[in-house]
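Quick mapping for you: the protein sequence lines, in order, are chains C and P.
So the first sequence is numbered by my numbering: it starts at 521 and just counts up by one.
So the second sequence is numbered by my numbering: it starts at 521 and just counts up by one.
Any given hint might turn out to be false.
Put simply, identical chains are the same to the list, so a pair is met inside one copy or across any two.
Capping the alpha-carbon separation at 25 Å, the derived lysine to any residue pairs in SDA-like fashion look like this [unchecked claim]:
| no. | residue 1 | residue 2 |
| --- | --- | --- |
| 1 | Lys657 | Pro586 |
| 2 | Lys1067 | Ala670 |
| 3 | Lys738 | Thr632 |
| 4 | Lys679 | Gly558 |
| 5 | Lys735 | Asp903 |
| 6 | Lys657 | Pro767 |
| 7 | Lys1042 | Arg615 |
| 8 | Lys1034 | Ala524 |
| 9 | Lys825 | Ala949 |
| 10 | Lys1040 | Asn601 |
| 11 | Lys618 | Gln985 |
| 12 | Lys763 | Lys790 |
| 13 | Lys1034 | Asp547 |
| 14 | Lys790 | Lys1022 |
Simulated from the structure, these hints should not be mistaken for laboratory data.
Number of protein chains: 2
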Amino acid sequence: MSAALKIVIVGGVAAGPKAAARARRCDPQAEITILERGDYISYSACGLPYLISGEIPTVKHILASPAGVMRDAEYFRSVKNINFLTGKEVLALHRDRKVVEVRDLATGAQETCPYDKLVLATGASPVRPRVPGIDVKDVFVIRQPRDGLAIMAALKDLKPKRAAVVGAGAIGLEMAEALVEWGVEVTVVEALDQVFPGLLDFEMGALLRRNLESKGVKVRLGERVTSFGSDADENLSRVYTDKGEFPAELAVVAVGVRPNVDLARQAGLKIGATGAIQVDRELRTSDPDIYAGGDCAENYHRLLKRPVVVSSGQLANIQGRVIGTNLTGGHMEYQGMVGTVVAKVFDYTAGATGLSEDAARREGFDVVSALVPGLDHAHYLPDALFVGLKMVADKASGRLLGVQVVGPGDGAKRLDVAAAALTLGATVADLTQFNLGYAPPYSVAIDLLVNAAQVMQNKLTGLAQAVSPLEVAELTEKGEDFMLLDVRTPAEFQQVRLKHPKAFAMPLGRLRDKAQILPKDKLYIPFCQYSLRGYEAEKILEGLGFKRVKFMDGGVTHWPFELEYGTKEKSKT
Amino acid sequence: MSAALKIVIVGGVAAGPKAAARARRCDPQAEITILERGDYISYSACGLPYLISGEIPTVKHILASPAGVMRDAEYFRSVKNINFLTGKEVLALHRDRKVVEVRDLATGAQETCPYDKLVLATGASPVRPRVPGIDVKDVFVIRQPRDGLAIMAALKDLKPKRAAVVGAGAIGLEMAEALVEWGVEVTVVEALDQVFPGLLDFEMGALLRRNLESKGVKVRLGERVTSFGSDADENLSRVYTDKGEFPAELAVVAVGVRPNVDLARQAGLKIGATGAIQVDRELRTSDPDIYAGGDCAENYHRLLKRPVVVSSGQLANIQGRVIGTNLTGGHMEYQGMVGTVVAKVFDYTAGATGLSEDAARREGFDVVSALVPGLDHAHYLPDALFVGLKMVADKASGRLLGVQVVGPGDGAKRLDVAAAALTLGATVADLTQFNLGYAPPYSVAIDLLVNAAQVMQNKLTGLAQAVSPLEVAELTEKGEDFMLLDVRTPAEFQQVRLKHPKAFAMPLGRLRDKAQILPKDKLYIPFCQYSLRGYEAEKILEGLGFKRVKFMDGGVTHWPFELEYGTKEKSKT
């Protein structure tokens, strides 16, 4: 019998332990060692906002397995026969001798650890912008359990009245919610002009921002933090931006992460243009005996067909499984990701998969987009909720490029179906006929995702003509002559309506009759609450001989500008 | 300008109105007439159980659009310029003259109605088994609004204490729940040996049955109703079966539907072997000017690649859109369905997509199946719930064939993702790397569907060896020598465990040490609550040189036989 394979894994959070566990299942005899610098292993970093909000009672909950077993070194030894060492910093990697140099952080003792196969799962570190005051003690990042515990300690000790969250990505907004749970007044500062930048397009971000503001969160967009100011006791007191300042006694900086590649770089492994470790489809680095996975390594984007850098516990786990297989002589290729992100932000679900319209255009795609909100299940059941939905497709091929969801309804389901469709290269035409599960508590007969695909198909084939809310804003700016026809019922109009000088009430049921008095050469833009009746109105007017009619995508639901609520004194109906 | 196209549509519930609406959008000038025999049009038949349960306040709710507009004849006229006539029975179809003969049910007046293009959307009728007493007035079917209103009236007038539901399909079980809401003691009688026959495999049905029984519903399986007995007042009093009898003052028969094809048959259109109207991929019947869609027409099964007959409001709508397009000179092919069904049964979601293991075997597939339950989201959040999940795949190609879900957790999402995957011809390997939306409130890092695919892949590649609970029962019956190793924690064991003489507690953490005393040649079947630790145990024992180890699929969660609850006096641990 040949000598047991020596596998050394650097990093013990997600990709590392997963690669180890998989390697063990594939090779019962291998000697497997995991070296982790921190004290906590195999934890769910994504659970930290819920720990801070109090929804999770103790940090142990995010360390234990679903069966309640602590995933500690003893667990890895007894159950998996894996040598899991914590408090071990890897100082250097000597590829010529196939050893890593390790320092014990408690004792300072150094030793070398030989390997046949090595896995780099060194993760990523939160970016701390180099601005004055970034080291004030009440300015936190959030990545590891100790960060979460430190923020909780500060909340208890400082009892801050006001907090700043820097960065309006998923983690920033989850943290905003967690801080609101503590009764803290939260201001979110984001350098770009919307929340969830990069993932959501502007209109979708606007829907999410409106909900944040309704929960009392102040949102400052297009504003860059320039410094953190502290008081005489060196406690944080104010946050300064390029546009102003505001008081805050605690701050959480969540502006992204950077892959930890120092070890790989020092050892001469190839680093990709993205700044992460370059790997092939088997997740092998430029050294065939060294694999890399998780946040430290480049990821492969199925739609862009090139490496990207992302931070994802899910993808780290998928990659860990691939690595564990290949490490032990198997063969498995990593197929790549489609960029699916979802977050719960108060009562809203917000997420995206594939490419946003912005991103797709930047990548050179000729795209068609559609804003098609809908109810998550049968409207006649009392708890049906709306989901704002945007779909992006490639004009020439009709291929689905992306889906975004924002709203109180079950958008997560539609996002996952869209992610599956994107992964498998589905066209919009495919989606129009998806046979999804239909029962009144789960969907409507034509699910909102399928409905969105049908609307998109109508656009792609030229049956439907539409303008986006942003295009309406452009037309307004240019002083174009047009009418926005609000074809909803009078009751809906009374409740909420666009604040726009060219918007008039014109209920759908009366449109055929009323259209007689409208001049035929004008541009008409009908819309409703969602999209369907707006489209219906377009077809009615076209049928009556109107030549310039385009419905407005997404209706009142997706109008990203000002709305007017309550009874209107004098309705134009 | 040529004369307007005359479109006549027979049937006004789902496929009919959808075809009409689509035709209108594609052809603003067409003359479109819908002829409906009943009084209610364009209603949601699937909403009826919720009307009866009281969740929906009035029948109007299932007739109105999401915006609260009644979809009545006036609405179709004013908004869609569609002539929607109710109370009109089509007596005959004369293809030679291209007319239909219509009788007004109120006045008895007859007229002929000419068409250029005709659509048959005549739906299906509930099967009423020909048993004595089937016409007793308290024995109902449930299909149309009037059926629902009649049942509600009977519940109010009769105040029945006990009710029988005949048929344990989705509608039967939804009705059982609705009747329990009225405080009625419900007995479900099903001729086959499980609930949801045909859709769920036996073990999955057992999980659902257990939940029904926990809600007080009596379930009588493998029992056929032979007659309904009434008292002196001609009220229903007893239900007789081939195995016994029980008292009931109200009965709902939900044993399926039969396509309404009389009109098509009389006119000499081809009827398929399924008993439904034969159509091509454009949904054209054997007469090129006549289309058919919805429950009266054959459907196309993407996996079986042949026509089948189903009843589905969703598919009827998808088909209506295809028909409306083709009617008006467009070209669209119906791509077919994958058999997705979902139902809420009390707090459980139960559903299936693709083929069950039974169905796949009957169709000649060489299949591999896996029972892989999991939590619907992060276990450390308080409301995480389990989903029982079964996956079926084709052994040779590794292609996904079906997924079934039963449980209190969000199985509907996984079902829809699986439906998308099936539609697009995904392999199990594809699913193992699906990049689904991950955040703790929505899933675990490796979603339970992806996890199931990974387990399936381990089976397909031979890495994992497993037996199903049914195979364990077979081994037991044959008197084979084996040990069932319950590798859960002692606390889990104390709470609930298999009632099986060969089951012993053997916590995973102690397995490596304890295994030394076990004889190496015996057959060992480790299992846990779900599957993962059972698999882990298999790999541990194999690593220690044991040759005959197979974990039991689905663990305690999917054990379809007797369980034992509470503290065990003398544990074998």
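Task: Hints the structure fails to honour - done: The structure breaks hints 1, 2, 3, 4, 7, 11, 12 and 14; every other hint is satisfied.
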